[in-house]
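If you number the sequence shown the way this note's numbering does, the last residue is 172 and the count never jumps.
It should be emphasised that the hints constitute simulated quantities derived from the structure, not laboratory data. Heads up, some of the hints might be wrong.
[What the hints assert, rightly or not] Okay, derived cross-link-like pairs now, DSSO-like style, lysine-lysine, Cα gap no bigger than 27 Å in a straight line:
| id | residue 1 | residue 2 |
| --- | --- | --- |
| 1 | K73 | K98 |
| 2 | K73 | K105 |
| 3 | K105 | K55 |
| 4 | K98 | K55 |
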Amino acid sequence: MRQNFADIDETHSLITIPPGRYPCIVVDTRMHVARDGSPRWGVHWKVLSGILAGKTAAWDNLTWSERGLPRVKQVLHMLGFDVSGVVELEPQDLLGRKAMVQVEKEVYEDELTGQRIERLSVPYNGYAPYEEGADRVPEWNGEGGSVGDDALGDEGPESAESDPDGEEGMPF
Numbered sequence: 001m002r003q004n005f006a007d008i009d010e011t012h013s014l015i016t017i018p019p020g021r022y023p024c025i026v027v028d029t030r031m032h033v034a035r036d037g038s039p040r041w042g043v044h045w046k047v048l049s050g051i052l053a054g055k056t057a058a059w060d061n062l063t064w065s066e067r068g069l070p071r072v073k074q075v076l077h078m079l080g081f082d083v084s085g086v087v088e089l090e091p092q093d094l095l096g097r098k099a100m101v102q103v104e105k106e107v108y109e110d111e112l113t114g115q116r117i118e119r120l121s122v123p124y125n126g127y128a129p130y131e132e133g134a135d136r137v138p139e140w141n142g143e144g145g146s147v148g149d150d151a152l153g154d155e156g157p158e159s160a161e162s163d164p165d166g167e168e169g170m171p172f
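Using the sequences and the hints, build the whole thing.
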């Protein structure tokens with residue numbers, strides 16, 4: 001077999017929907033620790049309605065550090081929490097909360113493998129209050145990834161086989 005691999009794109013795409021603004025729901029949260037030792041919550045957003053309902057929109061992080069608290073406050077406010085004073089929450093308190101979520105394509109290089117990775121991320125001001133009945137049916141040409149097929153499972157490549165649709169978890 002003879003193959004010229006010079007033009008083969010080695011980018012791994014985790015993009016399951018086109019970039020845009022979607023009505024979303026929190027379906028999973030995970031506790032982590034940020035590099036500075038602050039609590040960091042991983043938040044898994046899925047599209048709530050429309051042709052892409054049920055697809056992963058993005059994983060986003062809420063970092064409870066001094067620097068991250070303004071964004072945490074903003075996101076919690078968009079999720080309907082009263083942030084005018086003391087708030088006591090656990091990650092699971094976000095489950096089932098809805099918001100309009102803006103997702104944008106992000107490309108980075110994996111530090112361990114050197115592989116180029118594409119994923120969707122939520123920008124700093126990427127949240128708005130949920131709009132009842134909101135629906136977005138985008139034109140999807142498959143550019144930037146395929147819907148579901150290339151997404152990884154919860155823990156990365158090792159678990160992709162246990163999640164054939166690639167929708168249960170995305171690295172964040």
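Status of the hints after comparison with the structure:
Note on K73 and K98: the hinted pairing holds, with a Cα-Cα distance of about 16 Å set against a maximum of 27 Å. For the suggested pair K73 and K105, the alpha carbons sit about 24 Å apart, so the restraint of at most 27 Å is met. Between K105 and K55 the alpha-carbon distance is near 16 Å, which keeps this suggested pair within the 27 Å criterion. Of the supplied pair hints, the one linking K98 and K55 holds, its CA atoms being roughly 15 Å apart against a limit of 27 Å.
Checked against the numbered hints above, the structure breaks none of them.
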